[in-house]
Amino acid sequence: MADRKTEGRPRALFPRWLLRSGVTVGSIAVTMLGLLFVTFMIGRVMPVDPVLAIVGDRASAEVYQQVYERLGLDRPLIVQFAIYLGDVVRGDFGMSILTARPVAEDIARVFPATLELATLGTVIGVAFGVPLGVVAAVRRGSWIDQIARVVALVGYSMPIFWLGLMGLLIFYGILGWVGGPGRVSIFYADMVPPVTGMILVDSALDGNWTVFRDALSHIVLPAALLGYYSLAYISRMTRSFMLEQLSAEYVTTARVKGMSEWAVIWGHAFRNIRVQLITVVALSYAGLLEGSVLTEIIFSWPGIGSYITTALLSADMNAVLGGTVVVGLVFVLLNVASDLLYKFLDPRAK
Amino acid sequence: MNAFSKLMSGAALGLSVALTAMPGWAETPANMLVIATRIDDITSLDPAQSFEFSGGDVIRNLYGKLVNFDPLNLEAGFQPDLAESWEVSEDGRTITFTMREGVNFESGNPVTAEDAAFSLRRAVKLNLNPSFILTQFGLTADNVDEMIRVEDGKLKLTTDKAYATSFVLNCLTANIGSIVDMQTVMANEQNGDMGNAWLSTHSAGSGAYRLVSWKPNESVTLAANPDFHEGAPAMERVVVRHVQESATQRLLLERGDIDIARNLNPEDIAGVSGRDGVKIQEELKGYLMYFSLNQKVPELAKPEVRQAFKYMVDYEGMANSFLKGQYTVQQNFLPRSYLGSVDENPFSLDIEKAKALLAEAGVEGLELEIGVREVQDRMEIAQSLQNTFAQAGVKLNITVGTGAQILGRYRARELDVYLGTWGPDYPDPQTNASTFAWNADNSDEAQLTGVLAWRNSWDAAGLTEKVDAAVVENDTETRAQMYRDIQAEFRETSPFAIMFQNIEQSAMSENVANFTTGQAIMDAAYWEVTK
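Sequence lines, in order, name chains D and L.
As numbered in UniProt numbering, residues 1 to 350 make up the first sequence, in order.
As numbered in UniProt numbering, residues 1 to 531 make up the second sequence, in order.
What the hints contain is simulated information worked out from the structure, not anything from laboratory work.
All C-beta atoms, glycine included, are put in the ideal place defined by N, C-alpha and C.
The reader is advised that the hints may include incorrect statements.
Which residues of chain D face chain L? A few of them, derived with a C-beta cut under 8 Å, are [as the list claims (entries may be wrong)]:
#1 18
#2 49
#3 52
#4 99
#5 102
#6 142
#7 143
#8 163
#9 166
#10 180
#11 182
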């Protein structure tokens, strides 16, 4: 029998990485369960009648009752929730009243449209917002800082509805530089086989550059608009993070050592704000992924924001719940992704 | 060069190529009709289920019916469509239809009397929203196989009573009368649903078009049926795009990316009016705007009070200001262009007369709650009523809610006053007469929630029998006169103040001809359109 001491530390029942992953997955599950429960209950106590949404204004009392029972509304709330939860776990969000299709199929159709728009919007926001914020911080009080402030102020305060319509009027209506509302011109609709549901990606995969160009001409304006709004937020946050770093002693030391200004700003100060910046960008991205309802309405963009809103106004609760779960999941996943990035960028977080 | 650099330079190149080579925007092709409208109300394209406006517009173009209206001559009434002719039995209860020869469904299957029988039976058996249009003839899931049958290649439809033939045939022109391809539909049956799930998103008809796709909240695309029995439509493809915003529809029209914009608000209509290449078409639609007084409120049940309220409305003021171009004054329950409709609008704003009537009834200091849906024009009307009612000494508290909220309370007979709209269900006067002026049982237990008179706790004061008599009157002119008489009495005695009839203004390219939204009676038709 071997001496226990010679075996070193007793082996844990599970490896540490497995435990950590288990905790992460567990916390996601609990969050999602809470979200589902709250949304479900709000949906049930809201003073709208899902039965009327199905049977219409003119149905007789018997038809109303049939549908009431078919929807299971005569059962206790907790039983209804348990049944719904069971279905959701199996990937069944139920049928949408409004579209006569499974909610999962609807979401698979509308979410890629939002994903495409939000991703491009975020890319634009980061590509312009981060440099603008850095320069504004470095040249604090200069004319460029003032311009950055005005740009951000306009971005914060201008109603997106107005800005979107003005953008359409000028760049589509008058100048004709961009495509009009919708994801693609009607002549090109359904021309590329859907793989991801994102037309830019699908047309590139298909090698159909005519459709790609057309889709790009349609997405560029709404994406720029969303990009502008995230730019406003990202540039202000970048500026404030950078100011904090630039006043730190290590920056002065670096300068005294004779390092170039470029290396001081980008090599030292900026490196240290990356972690904070990830949180800001992730939050902004998540906000856009919820679907910007007004942008979607103005640009006739069939995304998840207008899907959930239309469903909510029509008491299509399966669609509302399904959409909310997806948006919640996106938030949680972005949280996990930014946590992972922290570890990658900040050795202290490992 | 690493993979990342390659990707980035590729993306930059792609972007620059795209931005310098944006496609040009031409007008829509000559054989294609592009319409911008709101289609977010479509919940199904199965004619046995669909009961929404946008869905009706699509279905009308996909399916033939036994009898149908000519889109360019609606005044002519029902005409032969898939039925070439019909005969009525001596007892007036059975109509025998002879089918048109040589018409095929989009699948290539011939249209037969069996398909027609199947379609009508299916609509009754499925018992979905619009099924009452057929079941009101005494058809039930149990008896429909006997009441609708095929003999010697002809379709026989038997009703429980000898209804006016015009009533039965008018009802068959509604979308629920669409004839579907039995073989195709049943081949797609799931769990005994008679093809309902499949037909919600597909078409199986013999109409002018077939459904290419319906993308909810995005678009509906139709392709022409070259073998359509009235001749191949000039518009080979019709695309109906969901565009929520009026301003966006206007931009699309002005850029030539669409041919017709159907939901421009009055400001945008004014904006495009008189522009080169754009014309405005106005059509009276079937929607009526009304308010009604719950007869459970004792004061409102007095005849003088009911009448007083009709003098407290600024009909002309509203129609000429914020409702201009959208509504015209109509104080009768039949929309203009219906059989038996009348133009008499005797009420106008007369506060002194209203006050005198209230005093005569001994009513003063009345405070009422009005329920309104959160729709701009209705809220504005409610505010106007609040103002004019106040002048007559009636305090009106406005409760605004979603459609489901307000309708729920209206159907439960809980609101003092309801302000809303009503649209006819099928192109026969019975559709409105049977809800405004008919109430077979006014008790709470009767739960006739679909009947407007019941919702207002009004027993219809003898009009029920007159409506029942009109619906079985076979002489069309006598029948029309009966509805005129019913409306004259209704105007004076009912707790309904009908105020306006809806107008639809469509803005379109000047080269678009023969487009109709179907006026008050029908849905939109695309097959006669030319450009």
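Structure-based check of each hint:
no., hint, verdict
1, 18, "violated, 32 Å"
2, 49, "holds, 5 Å"
3, 52, "holds, 5 Å"
4, 99, "holds, 4 Å"
5, 102, "violated, 10 Å"
6, 142, "violated, 29 Å"
7, 143, "violated, 29 Å"
8, 163, "violated, 13 Å"
9, 166, "violated, 10 Å"
10, 180, "holds, 5 Å"
11, 182, "holds, 7 Å"
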